[in-house]
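Number of protein chains: 2
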Amino acid sequence: MTELRHRIESGIDQGLGREPADLVIKNIRFLNVVTGEVAKGDIAICGERIVGTYESYRGKREIDGRDFTAVPGFVDCHLHVESSLVGPAEFDRCALPRGTTTAICDPHEMCNVLGKEGLEFFLRSAERTAMDLRVQLSSCVPATHLETAGGRLTAADLLPYRHHSKVIGLAEFMNAPGIFHKVPEVMDKIEAFWGEHIDGHAPLMKGYELNAYLSCGIRNCHETTSEPEAWEKLRKGMQVFIREGSACKDLAALSGIISTTTAPFLGFCTDDRNPLDIAEEGHIDHLIRGAIKAGAPMADVYRLASWSAARGFGLTDRGLIAPGQRADIVLLNDLQTCDVADVIAGGRMIDDGIFEVRNMPGPVGYNSIKRAKVDASLFRVPASGPTGPVIGLREGQVLTDFLTMSLPYRDGERLVDLANDVIKVCVLERHGKRGSVGRGFVKGLKLPGGAIASSIGHDSHNICVVGAADADMALAVNRLIDLGGGFVLAANGKVLADMPLPLAGLMSDRDFRSVAHEIKALRSAVRDLGCPLAEPFLQMAFLPLPVIPHLKITDLGLVDVDKFELLAA
Amino acid sequence: MTELRHRIESGIDQGLGREPADLVIKNIRFLNVVTGEVAKGDIAICGERIVGTYESYRGKREIDGRDFTAVPGFVDCHLHVESSLVGPAEFDRCALPRGTTTAICDPHEMCNVLGKEGLEFFLRSAERTAMDLRVQLSSCVPATHLETAGGRLTAADLLPYRHHSKVIGLAEFMNAPGIFHKVPEVMDKIEAFWGEHIDGHAPLMKGYELNAYLSCGIRNCHETTSEPEAWEKLRKGMQVFIREGSACKDLAALSGIISTTTAPFLGFCTDDRNPLDIAEEGHIDHLIRGAIKAGAPMADVYRLASWSAARGFGLTDRGLIAPGQRADIVLLNDLQTCDVADVIAGGRMIDDGIFEVRNMPGPVGYNSIKRAKVDASLFRVPASGPTGPVIGLREGQVLTDFLTMSLPYRDGERLVDLANDVIKVCVLERHGKRGSVGRGFVKGLKLPGGAIASSIGHDSHNICVVGAADADMALAVNRLIDLGGGFVLAANGKVLADMPLPLAGLMSDRDFRSVAHEIKALRSAVRDLGCPLAEPFLQMAFLPLPVIPHLKITDLGLVDVDKFELLAA
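In the order they appear, the protein sequences are chains W and B. All residue numbers for the first sequence refer to my numbering, where the first residue is 352 and numbers rise by one. All residue numbers for the second sequence refer to my numbering, where the first residue is 352 and numbers rise by one.
Honestly, the hints are just simulated from the structure, not real lab data. Since we're looking at a predicted model, the values are computed, not measured. Check each hint, because a few of them may be wrong.
Stated by the list, open to error - Short derived list, chain B residues pointing at chain W, Cβ under 7 Å:
no.	residue
1	383
2	385
3	387
4	398
5	402
6	417
7	541
8	543
9	554
10	555
11	557
12	558
13	566
14	588
15	758
16	759
To be verified - Just a sample of chain W residues kept apart from chain B, beta carbon distances all over 12 Å, derived:
no.	residue
17	363
18	518
19	546
20	714
21	715
22	729
23	756
24	784
25	848
Said to hold, decoys possible - 27 Å max Cα-Cα, derived BS3-like pairs, lysine-lysine:
no.	chain 1	residue 1	chain 2	residue 2
26	W	557	W	533
27	B	517	W	517
28	W	557	B	411
Positions of the beta carbon are idealized from the N, C-alpha and C atoms, including for glycine.
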């Protein structure tokens, strides 16, 4: 008898109550997300599946459920594990105990640095995590032709992974202009995955453009930031994933769209959320809590967090507490506040021991910063006059404004204007290719002096540095190069704080609790310097992202995203 | 450039409004089944896809939509085309103009007669129909070990068809006792399709048995006949398909379960519906009309008829009027009464011309009645006494009651009891195998005399004959053999009406309108004889179905369905 046959037959015997189930949660209240009712009874589990509800069961192992309310495991519809600043192994330890039993990740960041090696690392890792980590095939590596990335993945590179057990389809299709302009490499990917699952990425997209984008079979969007935008997408059949990351926070703007009517067409995601925020606020549980608090109907919130999310990816084996479904169950102390007590994932009660035995693959991506030390003069911004473009940063958003401002001007050089909160932002290519540098200004970071450097700079992850003083910018960048990647804060000729991210320049090789402490230390150093922003590191990391309107900067220069072209220097 | 690439790029150009769309429905109201709103605007279509909504479009061809309301094409979640008494080509002509743009069929009847040849005929046909006909792989051929079928399909026989473009998964898994008893051949099929789509069939199933059945990954049921039954299935995560066929009518009992909360977990199906009923009442449109009339919320009814149904089968490309979706659109004169004016299927306006150019495959299954003529003495029912089992027929249901009655008894033979509405029912093997005959009695057919013979007798389709007089039974059967299959009504030594069904003994080779007339003639002949039942032919055809409780009859004898065994003779 095959192992599978044995599992099927055990499920029948245990479901019938002929044999004790492997695990029974006795006398538990649970939210039925089909009917919206809170029911009470036993949940019988055989191996990784639920095999019985609404009946009484005996178990080889029994848990007293009297004090808990069970809900189906949560699905994170879109995230980059890299943005949690830890690798998949630590992300698993960090997010699963918050109830996220399925996470749909896009290893986009790592692939942009390492190419196929990054993708394969994620696939190997996903086979081992205790949560069900699914890996979408990164569709935009490089994201655009307006920047220099480390990796390059063509349609032909991605196709061999299409039927991998952990792959669902193509990851967020960011290169919308590439679609509208029918760029051959972009069309190759749409054609290769025609009829299969393709995730979307459509910030502010509307009207005819949204129609054309959707006509390519793209199904969802996690970049929606207002109700009118969400309603247009829903009306056009696009699934809307409400996001609450560390940098991008859309829940407050979007919780009003949640209703019994819309819930099947929604989902939650974190996109980019770091371990400190996960520890302090939560993961998908944080979104659930927030949505209920904002007045969304509770049963619909839980439905969209599990069933709607799973079905949006064609995952028919989860999202309900029902026989035949994966035993992904969250035990809550309280339904209203989504207070997670315990988590069962694939039939296993999650505790520290589960994580110890995963046999995760070793880390990859050391020594990825391929750039020689720099001199302060690199950050001079030559110009023909004082007036020119300035990136207008919006706190808590990745969208920026295209500002035109007059700045101090001397000897053919535009200068920072601290009184008006305008400092420099430069992007230095670091993949050992062109050595190119893009230079510009940003308003809104509220950094009163010094500089911050980051080897995270979406999506090509060149070195991004912002600063009020060229010398501090150089100091921060050089320290970052020494670390092999990371975040560095420098001021007045001193490095005030740093955090190494040696894995592809994106992730720490330490455990998630240490990383949370490091983030805390960094945040407080930035605050001590006088910057009031909640997430200056993450916010600056999105300044190089040339697929999000309106003005961005890459290693090749400033980008007018609406025109999808580099500004003339 | 590939043909596909050309279609994708045209979709982008037409969606953007850069080029006129292939077809534009101008100024139409349409029901948005995502939001429940009625919107107004243009619908742009490129090839078989919708590429634009909520914007204004020019078209190479334009239709004035001012007088219509558009809704997404309807999905019939479960049917046997054979039960429409015409082949797939005529079914297409008959049901598509009623708005059924997708039909999920199970060629179970034909496969039980012809085996693989029947399946392949359906797959070839499905590639040609104007509607999107999907063919589930018949899981129960033969349905049980309690009868003699013509064909036999094992897991190994089905596997090669799994990835056929028209196949979704395994068809209704009727052999529930086979699951509970872990019968190897049954387990082979569950194992072979593990993780894929498996349709259910679970009349009256509940409690532990329903849990065990669902634990096998079976997803839906179209055999639900009461609200409490539906609620248990929904609570256990099973999608419930509300059925309204020619024989089985469950809408009145189930329309009360439709709400905004439950709609995503429901669907409509016809199972068995003949061309006369389709012509007189409608197809899925009949269910929509009936549900709305019964008070179900209109937007939810249309949602479940399209989106919920499609998603239940993993069909993500249809069910909404939205860009990227198949252009399956029904134009209604009136939303409330689902009064169908025109149908667009896969971007094509359906008219007679569409059906003319389909190039359908030729018919198969002639000469399938392999049985020599019979003598009236064949129908004697020897017994040791007057008291014994009688099948209790319930009008409009396939469920029967297990009655024990005392009947007239003479010379070691039990006799009919017309005063108490009890007549004989016999099943004659007709696949040229055992030549076996099952004999019994049925109460409830209200046939005052004569006999009816049918070569449709679910699911093995042996000859089923009911009658008040042995001589008429023989006459009807012999006439049926001459016809090569069909329905025959005989009384007082005369054939009063007949209808040939020469294709596998199941389907006519004539057009659907002729078949509708023939059914009408048959019905009136039965009525003239004094039988008041609406569908005596269809009702008797379910008497041999040994997977539906409680007492049935096959060529091997009476079957106690609850015990799943033949009664001792």
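Checked hints:
{"no.": "1", "hint": "383", "result": "holds (6 Å)"}
{"no.": "2", "hint": "385", "result": "holds (5 Å)"}
{"no.": "3", "hint": "387", "result": "holds (5 Å)"}
{"no.": "4", "hint": "398", "result": "violated (10 Å)"}
{"no.": "5", "hint": "402", "result": "holds (4 Å)"}
{"no.": "6", "hint": "417", "result": "violated (21 Å)"}
{"no.": "7", "hint": "541", "result": "holds (6 Å)"}
{"no.": "8", "hint": "543", "result": "violated (10 Å)"}
{"no.": "9", "hint": "554", "result": "violated (18 Å)"}
{"no.": "10", "hint": "555", "result": "violated (16 Å)"}
{"no.": "11", "hint": "557", "result": "violated (9 Å)"}
{"no.": "12", "hint": "558", "result": "holds (6 Å)"}
{"no.": "13", "hint": "566", "result": "holds (4 Å)"}
{"no.": "14", "hint": "588", "result": "holds (3 Å)"}
{"no.": "15", "hint": "758", "result": "violated (38 Å)"}
{"no.": "16", "hint": "759", "result": "violated (43 Å)"}
{"no.": "17", "hint": "363", "result": "violated (5 Å)"}
{"no.": "18", "hint": "518", "result": "holds (15 Å)"}
{"no.": "19", "hint": "546", "result": "violated (7 Å)"}
{"no.": "20", "hint": "714", "result": "holds (32 Å)"}
{"no.": "21", "hint": "715", "result": "holds (30 Å)"}
{"no.": "22", "hint": "729", "result": "holds (41 Å)"}
{"no.": "23", "hint": "756", "result": "holds (34 Å)"}
{"no.": "24", "hint": "784", "result": "holds (31 Å)"}
{"no.": "25", "hint": "848", "result": "holds (47 Å)"}
{"no.": "26", "hint": "W:557 / W:533", "result": "holds (18 Å)"}
{"no.": "27", "hint": "B:517 / W:517", "result": "holds (25 Å)"}
{"no.": "28", "hint": "W:557 / B:411", "result": "holds (24 Å)"}
Hint violations for this structure: numbers 4, 6, 8, 9, 10, 11, 15, 16, 17 and 19, all remaining hints satisfied.
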